[in-house]
Each structure stands twice: as C-alpha cells, then as structure tokens.
Amino acid sequence: DQQVKQNSPSLSVQEGRISILNCDYTNSMFDYFLWYKKYPAEGPTFLISISSIKDKNEDGRFTVFLNKSAKHLSLHIVPSQPGDSAVYFCAASAGNTDKLIFGTGTRLQVFP
Amino acid sequence: KAGVTQTPRYLIKTRGQQVTLSCSPISGHRSVSWYQQTPGQGLQFLFEYFSETQRNKGNFPGRFSGRQFSNSRSEMNVSTLELGDSALYLCASSVQGLYNEQFFGPGTRLTVL
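Taken in order, these protein sequences are the chains called A and B. The numbering of the first sequence is the numbering used here, which starts it at 1 and goes up by one. The numbering of the second sequence is the numbering used here, which starts it at 1 and goes up by one.
Chain A on its own, in the form it takes in the complex (with noise of 0.2 Å):
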C-alpha cells in the first residue's frame, strides 16, 4: 500500500515559468512532510519541509503548500530554471522517531 503518491512520473516546463509539482498521502496521522530533489549518479538533498501545523512555507523559488483535508502537497518552483531539472521525491512521517516514508518521484525537465 502505498502510503504517499505521486501520479505523475515525469513533468516538462519551460525555463521560467512555474513548476507544480503534486503528492497526496492516506495516512492522516503524517504531520512532517518534506520534498527532496535527486541528481542522476548523487542521493537526494533535502530542498524543504512543512509542518502540519501550517499551509504554506516558502524558500525563495520554492514554496510547499500542505492540505490536510484533501491529503495533498505540492511543491512550486518559480521562476523554474534549468538546473532545476532532476527528480524529486516528497516524503512524509508521523512523528519523530517514526520512518519517512517516501513517494515514487517526479521526473522535472526544465527546457529552455
């Protein structure tokens, strides 16, 4: 079962525009949600993190937004750049101590 989704496997934006990039959950009991971005041939690294306790947390070009009713959060980048192309992961855990659990990834191009 798999407890965090991304349904789309891959994701082509242009350079500058905004890249949404989309994950739902089941378990109601996850309260730390985090996206990590990984390069071919390097493990990932960790870009931002949001608390259930908020909707929103920004970064500079990124921004996570949590829905908590809807089991949803997505990840914008903006303006998109092409270094940003890589594949990111969200991941989410219900406490402290208690393992991440990862989704499948998002393949993001950034085509000039």
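Think of the hints as simulated: they come from the structure by calculation, not from any bench. Hints may contain errors.
[To be verified] Computed cross-link-like contacts, DMTMM-like style, restricted to lysine to aspartate or glutamate with a CA-CA straight-line distance of at most 25 Å: (1) A:Lys71 <-> A:Glu42; (2) B:Lys57 <-> A:Asp84; (3) B:Lys13 <-> A:Glu42; (4) A:Lys56 <-> B:Glu75; (5) A:Lys54 <-> B:Glu52; (6) B:Lys57 <-> A:Asp31; (7) A:Lys5 <-> B:Glu101; (8) A:Lys68 <-> A:Glu42; (9) A:Lys71 <-> B:Glu101; (10) A:Lys68 <-> B:Glu101.
Use these hints to put chain B onto chain A, whose structure you have.
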C-alpha cells in the same frame, strides 16, 4: 564538513551470495537510515539506527540486516541475494532522527546476476 560516504559505489554479485555495504555519516550525526531505490518504487525505507540501536524498521525480509558502531558508522548486510535485490542503496544521516533533515550519501549500486 565531509558529507556522507558510502562504499563501495558499485557492486556486482550473483544470486545466493551475500553483500555488506558501508556508510560513514557526517561527523556528529547519530542517526543513520538505509533506503532502497528501484525504478517505479521510489525510495523504500529499510531501517534506522540511532546510537547503535535499531530504532525503526521497514517492511523488508530478514535477509536485510544492519548494524551501527560506536562511531556511528553503519553497515548493511543482505544475505542470499536475489535478482530483485538489484537496486541503489542509499544511506542517510541526521543529527537526531528522521524528523531532522537527512543528508544522503551517493549510494551503492548493487547488481545481482
């Protein structure tokens, strides 16, 4: 500050063999987690060690085991390898646990023939 290192980077084994992968966390990090990445499955959590104790475990068979040493270095062992074990194995470290930002190593690419 040095990042998370994993050795070896690439490994080829045959079915039935066993393998040991190593992970050195960032200095000062006490939590080490292991993940398996396969196409279409994303990152799947294997286990987490904190201060030499396994604190969390994913849904993997007992052929997958691990340990952590007093210097926080961790090893993962897979016995009786199967073709389906071919994957990228990632190790991540954090200061206190999974809630904290995890820093990932580059991974070990295991191919089982």
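Against the structure, the hints:
no., hint, verdict
1, A:Lys71 <-> A:Glu42, "violated, 30 Å"
2, B:Lys57 <-> A:Asp84, "violated, 32 Å"
3, B:Lys13 <-> A:Glu42, "holds, 22 Å"
4, A:Lys56 <-> B:Glu75, "violated, 38 Å"
5, A:Lys54 <-> B:Glu52, "violated, 34 Å"
6, B:Lys57 <-> A:Asp31, "holds, 19 Å"
7, A:Lys5 <-> B:Glu101, "holds, 21 Å"
8, A:Lys68 <-> A:Glu42, "violated, 32 Å"
9, A:Lys71 <-> B:Glu101, "holds, 22 Å"
10, A:Lys68 <-> B:Glu101, "holds, 22 Å"
The earlier numbered hints that this structure contradicts are 1, 2, 4, 5, 8.
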